[in-house]
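Chemist: Chain residues, written in single-letter form:
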Amino acid sequence: MAKTDTKPIDKLTYEQAYAELEAVVSALETGEQSLDEALALFERGKGLTKHCAELLDKAELRIRSLSGETLEPFEEKE
Amino acid sequence: MEQLALFNAFPGWTVTTLTHHLRELLESDASLQDIWVQGEISNLARPASGHIYFTLKDSGASLRCVIWRSEATRLRLTLQDGLAVDVHGSVSLYEAGGQYQLYADTIRPLGEGVLYQEFLRLKASLEAEGLFDAARKRTIPQFPRRIGIVTSPSGAALRDILNTLRRRLPLAEVILAPTSVQGEEAPAGIISAIQALNRVSAPDVILLARGGGSIEDLWAFNNEKVVRAIIESDAPIISGVGHETDFTLADFAADLRAPTPTAAAELATQVDVFELKANLAEIGGVLSSKIGTLVQVQLQSVDWLDNRLKFTSPERRLQTERQRIDEMSRRWISAQVHGLEFAEEKFRGLENRLQALSPLAILRRGYAVITKNKKVVSRIKQIQIDDQLSVRIQDGEFNARVTGNNG
Chain W
1 MAKTDTKPID KLTYEQAYAE LEAVVSALET GEQSLDEALA LFERGKGLTK
51 HCAELLDKAE LRIRSLSGET LEPFEEKE
Chain C
79 MEQLALFNAF PGWTVTTLTH HLRELLESDA SLQDIWVQGE ISNLARPASG
129 HIYFTLKDSG ASLRCVIWRS EATRLRLTLQ DGLAVDVHGS VSLYEAGGQY
179 QLYADTIRPL GEGVLYQEFL RLKASLEAEG LFDAARKRTI PQFPRRIGIV
229 TSPSGAALRD ILNTLRRRLP LAEVILAPTS VQGEEAPAGI ISAIQALNRV
279 SAPDVILLAR GGGSIEDLWA FNNEKVVRAI IESDAPIISG VGHETDFTLA
329 DFAADLRAPT PTAAAELATQ VDVFELKANL AEIGGVLSSK IGTLVQVQLQ
379 SVDWLDNRLK FTSPERRLQT ERQRIDEMSR RWISAQVHGL EFAEEKFRGL
429 ENRLQALSPL AILRRGYAVI TKNKKVVSRI KQIQIDDQLS VRIQDGEFNA
479 RVTGNNG
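Line by line, the protein sequences are chains W and C.
In case it helps, this note's numbering puts the first sequence at residues 1 to 78.
In case it helps, this note's numbering puts the second sequence at residues 79 to 485.
No lab work stands behind these hints, which were simulated from the structure alone.
Source: prediction; values computed, not measured.
Some hints could be false.
FRET-style restraints, in silico, Cβ to Cβ [unchecked claim]:
#1 C:Arg408 x W:Glu29: 55 to 63 angstroms
#2 W:Leu35 x C:Ala212: 45 to 53 angstroms
#3 C:Ser379 x W:Pro73: 19 to 27 angstroms
#4 W:Pro73 x C:Glu353: 53 to 61 angstroms
Note that beta-carbon positions come from the ideal geometry of N, C-alpha and C, so glycine has one too.
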């Protein structure tokens, strides 16, 4: 895992955050870091987990409709 | 007089009298009262009343049919849409509905329906081409980011799909490619919707859906060109057409067949938001336990180092030295004590030996020491008669005079 990859967590999409989270966990699983590095990874992992959970909680289905070759907002009829 | 006309007898028919007349006309024709009719079953309905309703049709016309419950229970044939049959019964007219219909009492299978035969023929040929091979099926992504939908914008299928997606994976982005899904223009519409979706929005998966209907309603999904468009789609396609019992060629061509539109949306979201949340919680747990273990390990190694440090510290060496000195001094003292005791013993031995050698000791045994002029007399020639001698015994001395000589 690239250590320089420290984009602010709240700028990450769910997929990005989740992918990084998985990388953090597998990095921790190797146990090859110094304690400081491991703790930093842990903090990052915790932040990513929280961010993912928040994205899940506030997600709203985005719907658009194809009209010819362009995408338009789709209004649902009840 | 004008008004009187109102009281004239009405010269025409009422709906009831006309309908009744037509009914009698039909029923009076003996050839219509005991007939066999050939056709294909569609719009089969079995309401709770137990009567069976369906439409018998061929390529040119359709005929409403009824089987009363009493007859229905005696049917040996399992009726289904698309089934071609010979139906026996009588023709009459249902006056309230204004509908002539065949009151059926016997149904014989004619073999598979014509549409169904067409379906089988096309299926066999596409199958032979390998279009339905399992090896062709693409994997459905577990967690699609963008989901394409090909269906009617006004149908229940779309509503079911959107509700399901909203519930299961609101993170997803939905692109609808609206098209008619029934009628002559449906195949072309479905094909261009699939193509446009791939071209414009490159979805991770496409749902091809339509609610339930008769075999004719679903016919667009048995179109060969539609089948080929499904096969050629870049994105994998999940079909959800009709009800659970409906199988269309589109189902066979799709990468995954769902029994209904709702099920298609469920299969497209194998990992739903609840699972994602559970997963996150689990990862959080793993994180905590990993870091816990790591800290534990570090603590242990700190402990261990601390022990090693204590072991090698000058403090410990000093202690050791101190102990050695203690030990040595103990041994020294002990040696000294032993030495003294030994010396004393030796001394006492010597003393005893000395004592044994002392002339006093000999005197104590009854011997005497005789001196003449301070000289010990040990030989007879040292003395003469009348010599004054001094005799020393154990507890004193006395003088003596030599009176004789035995030598």
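Chemist: For every hint, state whether the structure bears it out.
Modeler: Evaluation of the provided hints:
1. C:Arg408 x W:Glu29: 55 to 63 angstroms: Holds: the Cβ-Cβ distance is about 58 angstroms, inside 55 to 63 angstroms.
2. W:Leu35 x C:Ala212: 45 to 53 angstroms: 51 angstroms, holds
3. C:Ser379 x W:Pro73: 19 to 27 angstroms: Given about 60 angstroms between the Cβ atoms, the range is violated.
4. W:Pro73 x C:Glu353: 53 to 61 angstroms: 29 angstroms, violated
When each numbered hint is compared with the structure, violations occur for hints 3 and 4.
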